[in-house]
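Peer 1: What follows is the residue order along each chain.
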Amino acid sequence: KAGVTQTPRYLIKTRGQQVTLSCSPISGHRSVSWYQQTPGQGLQFLFEYFSETQRNKGNFPGRFSGRQFSNSRSEMNVSTLELGDSALYLCASSLEQAGGSDTQYFGPGTRLTVL
Amino acid sequence: GNSVTQMEGPVTLSEEAFLTINCTYTATGYPSLFWYVQYPGEGLQLLLKATKADDKGSNKGFEATYRKETTSFHLEKGSVQVSDSAVYFCAFNTNAGKSTFGDGTTLTVKP
Numbered sequence: 020k021a022g023v024t025q026t027p028r029y030l031i032k033t034r035g036q037q038v039t040l041s042c043s044p045i046s047g048h049r050s051v052s053w054y055q056q057t058p059g060q061g062l063q064f065l066f067e068y069f070s071e072t073q074r075n076k077g078n079f080p081g082r083f084s085g086r087q088f089s090n091s092r093s094e095m096n097v098s099t100l101e102l103g104d105s106a107l108y109l110c111a112s113s114l115e116q117a118g119g120s121d122t123q124y125f126g127p128g129t130r131l132t133v134l
Numbered sequence: 005g006n007s008v009t010q011m012e013g014p015v016t017l018s019e020e021a022f023l024t025i026n027c028t029y030t031a032t033g034y035p036s037l038f039w040y041v042q043y044p045g046e047g048l049q050l051l052l053k054a055t056k057a058d059d060k061g062s063n064k065g066f067e068a069t070y071r072k073e074t075t076s077f078h079l080e081k082g083s084v085q086v087s088d089s090a091v092y093f094c095a096f097n098t099n100a101g102k103s104t105f106g107d108g109t110t111l112t113v114k115p
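Chains as they are written, first to last, in my numbering: chain F, 20 to 134; chain L, 5 to 115.
Misleading hints may appear alongside valid ones.
[Stated by the list, open to error] The calculated DSBU-like cross-link candidates involving lysine-lysine, where the alpha carbons are at most 30 Å apart (straight line), are:
1. Lys114(L) with Lys60(L)
2. Lys32(F) with Lys76(F)
3. Lys102(L) with Lys81(L)
4. Lys81(L) with Lys64(L)
5. Lys76(F) with Lys72(L)
6. Lys64(L) with Lys114(L)
7. Lys72(L) with Lys114(L)
8. Lys102(L) with Lys76(F)
9. Lys81(L) with Lys76(F)
Hints in this document: simulated from the structure, not taken from any laboratory.
Keep in mind it's a predicted model, so treat the numbers as computed, not measured.
So that you can see chain F by itself, here it is in the shape it has in the complex:
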């Protein structure tokens, strides 16, 4: 089975712009979660989608949003980019739900740099 794929792998944007990141989960996985990883804050949970519905949300401002399509592919969008949004954005998929005993399978991440 193919793993979780994320596109693009690297992105450079300027302050005030918006960006859309894409994640394709492992075939058959219905839950997709997004995380922000930075050296200072570690791994922070953004949100989780299951069957096209946002089921859980972390403590991020409304500039961060996401969606999931009927084929379980997910996108996350960040509007009005700030310098502090520079980070590695990781997507993870799991079979049933991100909670419980299901293992999360991570993609390689999208490295976003905001100038």
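Using the hints provided, position chain L relative to the given structure of chain F.
Peer 2: Just chain L now, kept in the frame of chain F:
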């Protein structure tokens, strides 16, 4: 609230040394516990997991035991190799469907 506290790094060991990375958690209910590993330039991958008290997860020589009484899930390996150099994350899932990760511990193993 929910949280994971990991031993601060970085940790530097010589090859064949014994490794312990401490992890304690604060959570409601009975979470499932995980150790993930991140190699340079890659995403996280599951190393091992335990889903109930006293379960022992093991993989590639690494072990961790779910200790409910001390809310801990310490990672151990008897003899580390250079290829074990990576960042290790302790994490748990609750029934609420949200995962909480520790800050990560960077391990460097020198030949």
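Peer 1: Look at each hint and say if it fits the structure.
Peer 2: Verification of the hints:
Taken as a hint, the lysine 114(L) and lysine 60(L) pair is honoured in the structure, with Cα atoms around 28 Å apart against an allowance of 30 Å. In summary, the hint linking lysine 32(F) to lysine 76(F) is supported, as the alpha carbons are separated by about 25 Å, within the 30 Å threshold. Proposed proximity of lysine 102(L) and lysine 81(L) is supported: the alpha carbons are some 28 Å apart, at most 30 Å. Proposed proximity of lysine 81(L) and lysine 64(L) is supported: the alpha carbons are some 9 Å apart, at most 30 Å.
Under the criterion of a C-alpha separation no larger than 30 Å, the hint pairing lysine 76(F) with lysine 72(L) is consistent with the structure, at around 27 Å. Of the supplied pair hints, the one linking lysine 64(L) and lysine 114(L) holds, its CA atoms being roughly 19 Å apart against a limit of 30 Å. Between lysine 72(L) and lysine 114(L) the alpha-carbon distance is near 34 Å, which puts this suggested pair outside the 30 Å criterion. This hinted pair checks out: lysine 102(L) and lysine 76(F) have alpha carbons roughly 8 Å apart, not beyond 30 Å.
For the given pair, lysine 81(L) sits about 35 Å from lysine 76(F) by alpha-carbon distance, which is inconsistent with the 30 Å threshold.
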